[in-house]
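There are 2 protein chains.
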Amino acid sequence: MTHPRPAAAPSARTRLRRMPEKAGYDRALIEAILDAMPVAHVGTVIDGAPVVIPTLQWREGDRIYWHGSAASRSLKAGRGAQVCVTVTFTDAMVLARSAFEHSVNHRSVMVFGTAQPVTDPAAKRAHLRAMVETLWPGRWDTLRPMTEQELKATAILSLPLTEASAKIAAAPPGGTDPGEDRAWPVWAGLIPLALATAAPVAAPDLPPGLALPESVARWRFGDRAR
Amino acid sequence: MTHPRPAAAPSARTRLRRMPEKAGYDRALIEAILDAMPVAHVGTVIDGAPVVIPTLQWREGDRIYWHGSAASRSLKAGRGAQVCVTVTFTDAMVLARSAFEHSVNHRSVMVFGTAQPVTDPAAKRAHLRAMVETLWPGRWDTLRPMTEQELKATAILSLPLTEASAKIAAAPPGGTDPGEDRAWPVWAGLIPLALATAAPVAAPDLPPGLALPESVARWRFGDRAR
Chain U
92 MTHPRPAAAP
102 SARTRLRRMP
112 EKAGYDRALI
122 EAILDAMPVA
132 HVGTVIDGAP
142 VVIPTLQWRE
152 GDRIYWHGSA
162 ASRSLKAGRG
172 AQVCVTVTFT
182 DAMVLARSAF
192 EHSVNHRSVM
202 VFGTAQPVTD
212 PAAKRAHLRA
222 MVETLWPGRW
232 DTLRPMTEQE
242 LKATAILSLP
252 LTEASAKIAA
262 APPGGTDPGE
272 DRAWPVWAGL
282 IPLALATAAP
292 VAAPDLPPGL
302 ALPESVARWR
312 FGDRAR
Chain X
92 MTHPRPAAAP
102 SARTRLRRMP
112 EKAGYDRALI
122 EAILDAMPVA
132 HVGTVIDGAP
142 VVIPTLQWRE
152 GDRIYWHGSA
162 ASRSLKAGRG
172 AQVCVTVTFT
182 DAMVLARSAF
192 EHSVNHRSVM
202 VFGTAQPVTD
212 PAAKRAHLRA
222 MVETLWPGRW
232 DTLRPMTEQE
242 LKATAILSLP
252 LTEASAKIAA
262 APPGGTDPGE
272 DRAWPVWAGL
282 IPLALATAAP
292 VAAPDLPPGL
302 ALPESVARWR
312 FGDRAR
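Residue numbers (this note's numbering), protein chains in the order written: chain U, 92 to 317; chain X, 92 to 317.
These are calculated hints, taken from the structure and not from any lab test. Certain hints may be false.
The list makes no distinction among identical chains, and a pair is therefore deemed to hold if it is satisfied within one copy or across any two copies.
SDA-like, lysine to any residue: derived pairs with alpha carbons at most 25 Å apart [claimed, not checked]:
#1 Lys167 with Asp138
#2 Lys243 with Asn196
#3 Lys167 with Glu192
#4 Lys215 with Leu303
#5 Lys243 with Glu254
#6 Lys167 with Leu301
#7 Lys167 with Pro304
#8 Lys243 with Ala293
#9 Lys215 with Pro251
#10 Lys215 with Pro264
#11 Lys167 with Ala289
#12 Lys215 with Ala290
#13 Lys215 with Ala293
#14 Lys215 with Glu192
#15 Lys167 with Pro228
#16 Lys215 with Asp272
#17 Lys215 with Leu297
#18 Lys243 with Trp310
#19 Lys167 with Arg273
#20 Lys167 with Ala260
#21 Lys167 with Ala123
#22 Lys243 with Ala140
#23 Lys243 with Arg273
#24 Lys215 with Phe191
#25 Lys167 with Pro291
#26 Lys243 with Val195
#27 Lys243 with His218
#28 Lys167 with Ala140
#29 Lys243 with Ser306
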């Protein structure tokens, strides 16, 4: 956030029409949220109806990527088609004095566009390596190498970040109640939420002498270094 | 899970084609996941392209509901249209011996169907009450009452659970590596994940003498009683 890049111009879809004070097209903010939250929900259109599936996304420069089985209907439907990739952090439940002002503090990014498949086997391998290295730096070279058959069974799609927006809802503990509601005699405030990581659990049949890698031990949602 | 209801017959969309061992149409399982995870991602189709937004969902019997501003494009587009509501718990990162077998343990539910709007003001009020009472039992009657203007500004959509499926991916710490990979000299195991709740933070300007309600103090994702 100290060196924001030029923001992409908002498109009709990314221009948030309500609560514009919460919208952001700042590229550094968009990238920070994407980098901190690998879990995404990808929307595609299949037979005219939306289908939303959870998946992992990772960013390489100006694009995000996601992958799955080559047999996946969602990945097949997304090839060359319009998709929407949304990532969301839920930061707090906001308990206000009125039902109407209750809300959820959150940070989310939506990326729209036409998904491009990665088809070249060498490129697929490089992107899968980037995924693993993004999550756990140094891990790829320690793994049993990927086979040609595994590469064939894996589909990868990507989207540019040209049509992306961030939204941040960050009500303070006092909420967003108008002044005339603030004396109402009900408890109001925040219930903070976070994705927590517990201590890694080793496979019971690891070869002896394998230490827990540092990149696994310190893995967290939300504060991964890039 | 001790008294499963008759499962809805899977439709072409909810029949999971890959990894069917992980799919479930058991109604009690579907309801348990929906009840434990209020954060949903709702997919609609706007101008032919998918739009996925985060929102809260709640269940009343055989239907789920979600709401938002009456000016929301997603809620307007969803009225009488095909939508997909997906909720996801991410339970663990699964670190395998090969990149291919890495995965995310998760529990998710997808609900498909034609979204029906709630338009009657009394019904809208009753459903919003149900939402608040589902999250924090006893809270609705303590709030500053909802105004007619607030009701008008709120749109509510709902879906029946007739076309819903659950998916559970629950690899053990040993992962899903085939036998020939298990001696590979790399650390393998799980990084457990959970949505954590921190202590509630009171608004700084609460009237004196207001205690933290029990339903707020013990609020958690994942273990709310119904």
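Against the structure, the hints:
1. In the homo-oligomer, the alpha carbons of Lys167 and Asp138 lie at most 25 Å apart both inside one protomer (12 Å) and across protomers (21 Å), since each shortest distance falls under that limit.
2. In this homomeric assembly, Lys243 and Asn196 come within 25 Å of each other (Cα to Cα) only across copies, at 23 Å, whereas the closest approach inside a single copy is 41 Å.
3. In this assembly of identical chains, the alpha carbons of Lys167 and Glu192 lie at most 25 Å apart only when taken from different copies (21 Å versus 41 Å within one copy).
4. With identical chains, the CA atoms of Lys215 and Leu303 are never at most 25 Å apart, being 28 Å at best within one copy and 53 Å at best between copies.
5. Taking the shortest alpha-carbon separations for Lys243 and Glu254, neither the intra-copy value of 30 Å nor the inter-copy value of 32 Å comes in at or below 25 Å.
6. Proximity of Lys167 and Leu301 under a CA criterion of 25 Å is satisfied in neither setting, with 39 Å inside one chain copy and 55 Å between copies.
7. For a Cα distance limit of 25 Å, the shortest separation of Lys167 from Pro304 qualifies neither inside one copy, at 35 Å, nor across copies, at 49 Å.
8. For the homomeric pair Lys243 and Ala293, neither the shortest alpha-carbon distance inside one copy (29 Å) nor that between copies (54 Å) is at most 25 Å.
9. For the homomeric pair Lys215 and Pro251, the shortest alpha-carbon distance inside one copy (17 Å) is at most 25 Å, but the shortest distance between copies (40 Å) is not.
10. Taking identical chains as interchangeable, the C-alpha atoms of Lys215 and Pro264 are never at most 25 Å apart, the minima being 46 Å within one chain and 28 Å between chains.
11. Within a single copy, Lys167 and Ala289 get their C-alpha atoms no closer than 35 Å, and across copies no closer than 41 Å, so neither meets the 25 Å cut-off.
12. For the identical chains of this complex, Lys215 and Ala290 are neighbours neither inside a copy (32 Å) nor across copies (44 Å), given an alpha-carbon limit of 25 Å.
13. In this homomeric assembly, Lys215 and Ala293 never come within 25 Å of each other (Cα to Cα): the closest approach is 29 Å inside a single copy and 50 Å across copies.
14. In this homomeric assembly, Lys215 and Glu192 come within 25 Å of each other (Cα to Cα) only across copies, at 16 Å, whereas the closest approach inside a single copy is 47 Å.
15. Proximity of Lys167 to Pro228 under the C-alpha cut-off of 25 Å is found in neither arrangement, the shortest distances being 30 Å within a copy and 44 Å between copies.
16. For the identical chains of this complex, Lys215 and Asp272 are inter-copy neighbours only, at 22 Å across copies versus 56 Å inside a copy, given an alpha-carbon limit of 25 Å.
17. Taking the closest pair of Cα atoms, Lys215 and Leu297 never come within 25 Å of each other, the shortest separation being 29 Å inside a single copy and 56 Å across copies.
18. Within a single copy, Lys243 and Trp310 get their C-alpha atoms no closer than 29 Å, and across copies no closer than 45 Å, so neither meets the 25 Å cut-off.
19. Taking the shortest alpha-carbon separations for Lys167 and Arg273, neither the intra-copy value of 52 Å nor the inter-copy value of 32 Å comes in at or below 25 Å.
20. Proximity of Lys167 and Ala260 under a CA criterion of 25 Å is satisfied inter-copy only: 22 Å between copies versus 34 Å inside one chain copy.
21. Taking CA atoms no more than 25 Å apart as the test, Lys167 paired with Ala123 passes in neither setting, with 29 Å inside one copy and 30 Å between copies.
22. Taking the shortest alpha-carbon separations for Lys243 and Ala140, neither the intra-copy value of 28 Å nor the inter-copy value of 28 Å comes in at or below 25 Å.
23. In this homomeric assembly, Lys243 and Arg273 come within 25 Å of each other (Cα to Cα) only across copies, at 22 Å, whereas the closest approach inside a single copy is 60 Å.
24. In this assembly of identical chains, Lys215 and Phe191 lie within 25 Å of each other by CA distance solely across copies; the values are 12 Å between and 48 Å within a copy.
25. For the homomeric pair Lys167 and Pro291, neither the shortest alpha-carbon distance inside one copy (34 Å) nor that between copies (44 Å) is at most 25 Å.
26. For the identical chains of this complex, Lys243 and Val195 are inter-copy neighbours only, at 21 Å across copies versus 41 Å inside a copy, given an alpha-carbon limit of 25 Å.
27. Proximity of Lys243 to His218 under the C-alpha cut-off of 25 Å is restricted to the intra-copy arrangement: shortest distance 14 Å within a copy versus 48 Å between copies.
28. In this assembly of identical chains, Lys167 and Ala140 lie within 25 Å of each other by CA distance both inside one copy and across copies; the values are 15 Å within and 16 Å between.
29. With identical chains, the CA atoms of Lys243 and Ser306 are never at most 25 Å apart, being 28 Å at best within one copy and 51 Å at best between copies.
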